[in-house]
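Colleague: Here is how the chains run, residue by residue.
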Amino acid sequence: MFEVRIHGRGGQGVVTATEMLSVAAFEEGRHAQAFPSFGSERTGAPVVAFCRIDDKEIRLREPIMQPDALIIQDPTLLHQINVFAGLKPEGYVLLNTHHSFESIGLGDFAKTLRPERLCTLPATELGLKHVGRPIPNVPLLAGFAALSGIIRLESVIKAINEKFSGKVAEGNVNAATEAYALVKKEMEERAHA
Amino acid sequence: MANKPFAITLKPGTSLNNLTGSWRTARPVYLDRLPPCNNACPAGEDIQGWLFHAESGDYEQAWRALVENNPLPAVMGRVCYHPCESACNRGQLDSSVGINSVERFLGDEAIRRGWKFAAAAAASGKKVLVVGAGPSGLSAAYHLARMGHKVEIQEAGPLAGGMMRFGIPKYRLPREVLDAEVQRILDLGVTLKLNCKVAHIEQSMQDGGFDAAFLAVGAHIGKRAMIPAGDAAHIVDAVSVLRSMEGEDKPMLGRKVVVYGGGNTAVDVARTVKRMGAEPIIVYRRTRDKAPAHDFEIEEALQEGVMIKWLSTIKQAGDSSITIEKMALDDKGFPQPTGEFETLEADSVVLALGQDVDLSLLDGLPGLEIKNGTVQVAPNMMTGHAGIFAGGDMVPSERTVTVAVGHGKKAARNIDAWLRGTAYQPAPKHELAEAGNLNTWYYSDADKTVRPMLDIIRRQTSFDEVQGGLDETTALFEARRCLSCGNCFECDNCYGVCPDNAVIKLGPGKRFEFKYDYCKGCGLCVAECPCGAIKMVPEDI
Amino acid sequence: MLKQTEGSKAVAEAIALCRPEVICAYPISPQTHIVEALGEMVKSGELPKCEFINVESEFAAMSVAIGSSAAGARSYTATASQGLLFMVEAVYNASGLGLPIVMTVANRAIGAPINIWNDHSDSLSQRDSGWMQLFAETNQEAVDLHIQAFKLAEELSMPIMVCMDGFILTHAFERVDIPSQEQVDAYLPPFDPRQMLDPAEPISIGAMVGPEAFMEVKYLAHAKQLQALELIPQLAAEFKQTFGRDSGGLVRTYRADDAETMIVAMGSVLGTIKDVVDEMREQGHKVGVLGIISYRPFPLQQVREALVNCKRFLVLEKSLAVGMGGIVATDVRMAVRGTGLKGYTAIAGLGGRPIPKTSLHKLFLEAEQESLEPVTFVDLDWDAVNKQLERERQNRHSGPIAENMLHDKGMSTAAKFG
Amino acid sequence: MGFQTVKFYQTGTFTVGNRLLAPDERSVQAGEMRSNSISSGHRACQGCGEALGARYAIDAAMAESNGQLIAANATGCLEVFSTPYPESSWQVPWIHSLFGNAPAVATGIAAALKVKGKHDVRVVAQGGDGGTTDIGFGCLSGMFERNDDVLYICYDNEAYMNTGVQRSSATPPAARTATTMPVGNEPGNVFGQGKNLPEIAMAHGIPYVATATVADLRDLEYKVRKAMKIRGARYIQIFVPCPLGWGTASDATILMARLAKETGTFPVFEAEYGEVTGVLKIRNKLPVEEYLKPQKRFAHLFGKHAHPEMIARLQAIADRNIRKYGLLQDQES
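Chains as they are written, first to last, in numbering that gives the first Met the number 0: chain A, 0 to 192; chain B, 0 to 540; chain C, 0 to 417; chain D, 0 to 332.
Among these hints, one or two may not hold up.
As the list claims (entries may be wrong) - Looking from chain C toward chain D, a few residues come up when the C-beta cut is under 8 Å (computed):
id, residue
1, GLU55
2, PRO198
3, LEU230
Treat the hints as calculated values from the structure; they're not laboratory data. Here the structure is a predicted model, which is why all the values come from computation and not from measurement. Glycine included, C-beta positions come from ideal geometry on N, C-alpha and C.
Next comes chain A alone, as it looks inside the complex:
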């Protein structure tokens, strides 16, 4: 079982992101369970949502306390709560920022994790560029696909098309595609560095 936790703020599509992640997994014939943290649903408040992916039926209903992957949609949360709580040592971290881990002061923390499983992505910019809204969730999902290989980009695109239609879908697909490529490129560059 693979467990993903997504952090963000109300209005950034955190819950939608886990749902789309679960849909993407479903599209690949796997079982998935997405659920929110059931917090208050006000804009701007810290929000967390979860997604489990497995090849068999998922019965577990506890919150994800030791995630295999973290997607952090808003870097300002780093100063507010311990978003990394319970992260497994082999865990993946995808952070929405155009800075590096080092430049935002997470250099030391990053060193405790596997470097090939860490990545930052200017997802808000991608959202603005392709969809016209500063919503980072879809680019991050695609970036996560690129980073972890847990799901495929095609599945993310299917989930996008299930969730959205028309221009919004198109923009999101473009954003996802670019994000996927960016992360792939980043990972390759890092692998060759």
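Let chain A serve as the given structure and place chains B, C and D on it in line with the hints.
Modeller: Frame of chain A, contents of chains B, C and D only:
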């Protein structure tokens, strides 16, 4: 219901099993009360009864109900002083119902449409002699004829009608109206012999083979007063004046005519001579409010230009003037001389001081009692002589056409009973329907309709009828102002206001019934009955 | 059709397949997504011949359903928590009048303190209301139970609550098989009301019943629920025939055959329990599970049969009878009366407190060792509780409990995740 | 108002029946075939205004709907006296659910009828003033706001009579009830509180709002029939005196209603979409004493320890009604 939830779901209307009548401590009962109009009517008319039919526009039915008691509605609608209207409870609400005008409308309508009386009952084989074709005699003849008796009227005068013709001026009662109503009575098979003065009643009965007689000769002899008068003074009595108006030779009274008296006859004479071009002055010893004449008659006379000297007596009459003395009312309201005199121009003086009865036909008849110039009768209208009944002005009574008509009806019923060897038992009188018995909320506000009056110039110069009749709309309106005091008119209020549906509506004309199984005795039906036709009676507990 | 979808959406689709005729909606978390989805379906025409009424309160929601059901329409509403309590008078009335209304309860705690997260306090507070209550373990079961619920309610002319854990199920995206309209139509006949307000055959519904018949009326309601004990397994079997799935029924056991320690629970926590049991089984512990689906009527016999061969049982419940202990546990103990079985009660997950596997491992081991207190409060912060109790002992005016405890726990007013 | 066209008839215009009217102009209550929606044998007190008002109203609604009517009833006197097991007084399909939910139940019935295509079957909800102005107010307002196809009839007897005469928000100032006893400086119910529900209903902008009394049957029937011709939420408040609660004679029920109207204490009017469109004029204006004096609930205003100042305040309320609604014959309304 078997498949419906137990107890929670119920069958409709099952509360009929719960007989709430057991809660009652008092029960409502329907009753009829005597309407004040009926109670006041000297002719014994069922006024409310005929108004009921008039309300729905069924005038013929209304007329038929009316003539059950009074065969002269067109006359009555003109000359009756309508005590019914004085008694009418509506008078306490706005103004009394114009019963008289509706009656006249019905009477005129009957003449116009030529309605006839219903055929007489099977012939009884009895013969009755009616003496006098005045209102009382005609009334008795009518009722007796309808009861199946053979009736002959013997009238001393040249025409039927009595005082209706010879006492009431044309401008109040057009003669064609009178003639029509008299003729309708004669059409029932009544024989009328005119110019046939009964000299001796027993003889006349014997001659004609009559089984009974009704005497209604009226009071036609004018009373005289002791007035010192010169030889040239022209003094006549009012009855003679009015009677002569019906003949070829009109009375010669001159220009200045003094009428002495304060009754309706005095006013009639004054208004009559006014129409003949004279200048009448009524001299009366008391005040207007003490005068026996109806105030509306005095008012109409004044409107027409009749002069009236109140609180005056004639002290002396000369050939072209009279001397009058001013009077003053004492503490008890009696006029007393003041010693103050005045002279009035007078070409003639008409005495209108009342009339006496010519009782000569009774001379020698055993068993009779005569008092104050009138024949005394028992409650059944029979004189002291068996089989001879009397009524109208010749018996002690208020001398009006309506009273006379009532006498005729009452006498007829008693004669009929006497002829059949029984006694007439009038139906017991219901308790009076008083204003307090009514819930007048339910009656719409509706002021009395005013009858049209002839314009004043024509009143002063012609004998055209002064007071007009109602047209159909106004008559209907007036009829519908009736409150139906004391008698159910099927307004459905009791049926409607019962919170317990404990009143059964039986259908038109059949009134209502209480369902005492359910009536809780709240009394709402009584309180909300407009006409006082229900009352509460304590239960026997 | 298999779908990856939200529990609420799946339930809404299932409701729509049942062809409801009147739906009353009043928003309360966490049931909102269900009626929102239904409202959209009605408005778009996707769900025809249905009146969707936005009422002004839950009391009105149930009252409207009472009216529509009494007038012969298949009627549905959904609620939770305070909403259920706000409609309680009408809840009792609906059952008293025998109206087969189906209501989803997205189970949620009851305040004060106000709390929007899951536990079973709300529907369990209505255990004596005369309504049937079925608890879903998964969203698939929630879908399936709603389809069965209409049939069950209308068969007996009695209302039913389908209970699903708020947020945990209602807001969870997971794989659900949504049946086809043909399948549902084959299973669920049109509503043929036992009685109906109809000018053609007037009846008076809702009489005042005095002492002379009230007990009989109440017994008849009880007797109906006893009939439901037979009907529920039948309908589940028929369901399996039509849809090819096991869903519903009165109870369901897991690895219970040779179990010495049985864990009894309701709702979604059964999934976590099963995972824990699997792990413990691997370690050689003879642990099994009894899931109760039908809480009302309570299947005393089936519970007894499921437990009679074990040595001890633990009832894990998301509800608390304050001043007494377990609510479900009381009924379970009633079922095994006379067997001498050892029974334990664990109160867990109140107000959305996570029930992690680790805590259950520990709890079940203690149960197996019979070292538990009769009533255990899982993951209770004894430190905070004891401090407050001490404060109250010392000072009558000790201040608001919740704030004191947050202070003790060093928390700011911003909630932690998890 | 429209029904006044029968004015021509001098006898019986205000009575239940009138033989002089054309059959189609006659009142429902005058008909031998009226539905008698509440049968005899109900357990209402003697002279009960509510039993009377309910039959008036429901019979009229039955007549207008050709018998296609369903009624929802709030808890209260009307419910208790009409349906104690095992007997029901109702002839119409009828349901009683709770005290405070009759409007919502009616909404549900209307929704069911709509969805089943039974457009000819109509729905009324009914309750007393407590069930309407107090406990049922929320549901009523909701029903109004949604403009559900329900005629709600409030039988207003100005207190909770079923439970023993306690104050409701429809209880008039100064009135004695079991919870506003005639003691202290300002005996009886307080001034300045309470709800004017017809006006609150009007504020919802619903198609039709009217008041009526059991003293004006023709007006009442006209309003019920008019309301039944309209679709959407409609509200009629019928003034139904209570002999028990008011301390009046059982035969004075209609008189009391009449006096309430004639003094201006209870304005009788109708309104469409929030605007007053007609008033029933006062025929003979009377001082409020005429209305108050026969009622024991106002007895403390008279006699040895009289409160003329409170009577004056009640008169002022009546005068305000008269001014506001134009209740006098020559007033614009």
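Colleague: Which numbered hints does this structure break?
Modeller: 3
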